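Using the hints provided, position chains G and L relative to the given structure of chain Y.
Chain by chain, the residues:
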Amino acid sequence: MSRATLTALLAAAVLMLFVASLAVGPAAVGIESLPQLVAGRAGDAARIIIVEVRLPRALLAVLIGGALGLAGAVLQGYLRNPLAEPGLIGVSASGAFGAVLTLYTGIATAFTLALPLGGILGAAAGVLAVQILAGRDTSAFTLILSGIAVTSFAGALTALALNLAPSPFAALEIVFWMMGSLADRSLDHVALAAPFIVLGAGILLTTGRALDALTLGEDTAATLGVDGARLRRRIVAGTALAIGAATAVAGAIGFVGLVVPHLLRPLTGHRPAALLVTSALGGAALTLAADIAVRILSAGAEIKLGVVTALIGAPFFLWLVLSARRRLA
Amino acid sequence: MTRLSARAIRHAFQGREVLAGVDFELSGGEIVGLIGPNGAGKTTLLRVLAGLIEADEGEVSVDGTAIADLAPDARGRAISYLAQAGTSEWAVTVETLVGLGRIPHLGRFRGPGPADRDAVRRALGACDVAVLADRPVNRLSGGERARVMLARALAVEAPFLLADEPVAGLDPAHALDVMAVLAARARAGAGIVVVVHDLTIAARHCDRLVLMQEGRIVAEGSPEAVLNQSNLANVYGIHALTGTAKGGAYVVPLSRARGE
Amino acid sequence: MMNGAATTLLRCLARFAGAALVAALVFVPGAARAEKPRRIASINLCTDQIAMLLVPRERIVSLSFLAADPASSAMAKEARGFHLNRGRAEEILPLSPDIVLAGPYAARAAVGLLRRLGHPVFELPIGESLADVPRHIRAVARILGEETRGESVIADFEARLRAVPAPPPGSRPVAALYAPNGITSGSSSLPQSVMTAAGFENLAARHGIIGVGRLGIEDIVAARPDALILARLSVEHPSLAARSLEHPALATAVPEGAIIAVPHHIWACAIPQIVTGVEALAKLRMRLSADGERR
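Chains as they are written, first to last, in this note's numbering: chain Y, 1 to 329; chain G, 1001 to 1260; chain L, 2001 to 2295.
No lab work stands behind these hints: they were computed from the structure. Treat the numbers as computed from the prediction; the structure is a model and nothing was measured. Among these hints, one or two may not hold up.
[Stated by the list, open to error] Facing chain L, from chain Y, some residues (calculated, C-beta under 7 Å):
1. G25
2. P26
3. F169
All C-beta atoms in this analysis are idealised placements derived from N, C-alpha and C, irrespective of residue type, glycine included.
Pulled out of the complex, with its shape left as it was, chain Y reads as follows (with noise of 0.2 Å):
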């Protein structure tokens, strides 16, 4: 298959499923409510609930399906591993440590976005501490390193705050908020997240031709002129500002950066340039699918998003598993 012929499906998809996503809910506005809604015809109910409930829904996991999948794919072709996610560079756990923080002090009630900025502040604070255990080594591997002892010390300060937290509620708040969800944002969330995303996005995609000169090995790649230290501040920028908005916004949501690219890649000719845009689609379409399903499995209490996420990421593995035993045997 072409590339152009599989960017063109995937795309379709997002778009079906995007449409898909304003059809379900709990309340009792359909499919059928969508061409009335274009044509003005809608009741004032029907509108509010597919212009402020569900499309923002729809709109956030685009955009942060369409982050993870183009982060994951940028971490495996810079890293050269294709178990790398974004997850890897600090920036999700010190995010989610930002948000956790503004639910235990309460500041969290003092207004609607005071979460999400916490977990935008925190996954700042991360990357600037990656950066600085880096240092001016350009190699992959101390990024790795301090990426790890980031995302430690962010988990082990989550940890902690749970342990401390002021009530049972308080802690299973900040649990369910870890599980990552979707659920009531509204288009402020949207507003919130959506530069940080675009503009990481925007950095992410700059970096295709450097990743693909890569495939060659850090020195070779460095005699063909890529520019090791200022590619590895791209990517650190970028999915500190992509990742680090997507998990303010909705909590810890795995695997996507992992699947998506992992399993695009032989479609692609295994090109980390050509795996870029195409993650991107397939991690939003993975993300709307995913949300369409927790809303059609939670009958009783919500299923979070990241734990639907992480269902479909457990049998993957067990088929790399399978699939690596099967070719080494």
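Coordinates of chains G and L only, in the frame set by chain Y:
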């Protein structure tokens, strides 16, 4: 571009001096063999010439312009580097891999054009791997992979090519193929440096040899002049059978030279 | 237990914030309406129960699902037949509420969304003492336009509370509160307030625990309290329960007959039903002092 020079290169690594004052010159149209025992500093010198290491002292320049002053892609267009035992991280096709050699020419936004595709075709042809163009690189034999990596380095069509042990681990037929390609490239005007351990290959395919020991150049000149018994004993610590046959010299190591 | 100055400070700040929030929301124009709200939606267990106490059924359009859960709600039977929600905006919006009652935790995004769409939301803070019962009822009654009914409910509650015999002056018996996994409630909590009103001193508060904390079995056995209170989920009303203790050692910690089980729904919220807990604990206290005199 006609001259790649290194002046007064000194470099220490983890407290140990690896290059202790090296002057080196490469002109277009010649193949220079960089030889010497393990640890002599050959690979380090090559990496300094390629711009991968910034030496503690001294300067590398192309036609008078220091390479440190060149933009990374300008440097990439001037000097092509073939790493030792190169592998590809991803299972791309041979044609895609060789195409990566055109990256210094592409700039930020331009994709590969007809000139680039021609260069790739020429490189594939020169290394006799055109028939493998659509094969994923992880399904190549050792000899095929060496030729593909060489094709990638040739695709840059840079005036200077630095190759680090391009024939290591290859059987005699493939080794001869690789050296023949490099010779052809030199005849077409490029300046080439190869790091080699096989002294007969160095002798028979290089125009000039540079012999290094402990971070210094201890001998330089034609293969016959450099590969004399005295140098072989003092630098390599071996007794060898040397001679010329069929238009080139040969060196056959016989025994260790003990404290003579 | 590691509850130190920092936690105290944060909890004080949170309480100030909570009190300020109640005050602000009570006095926000539009929140104290000229007309009584006719379509009341509640997404929090405590506001569910207070609403059921203050207004007739027809004026409530939805309660949280916890209101019908006998483990958490003291009014689970009364909550039957209502529309039950899980705190999602999309469940609430089609009901066109004119006021939404909420609490400080969970459903936070839903509260933000509902406010953004122009629905007034009243947030009731967490209850921490018996004094919060009249305070919370008054706050919600004002929002719902049922001040008179609210005062009547409060008056009944206070009368029942006054009827509980006051503890004699002097030292108080020590009670240990034990929930599964060693969870306990220290100072600034509803259980503590109930224990104090019944004449007990709270072992957890003596250990410096503020709010929810942990008191291991060893700590309880070593402290030799005068009474053991087992916090239970599934008991209908407070009862003297000597059976099914978590750990045999607990039986040795207190004198015979000094164990009482109190269901969680008694003191999950600052609602009038909490007085049942005060009455039961006071009865135990009086029995223990009578036993003590006899020995």
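So, going through the hints one by one against the coordinates:
no., hint, in the structure
1, G25, "holds (5 Å)"
2, P26, "holds (5 Å)"
3, F169, "holds (4 Å)"
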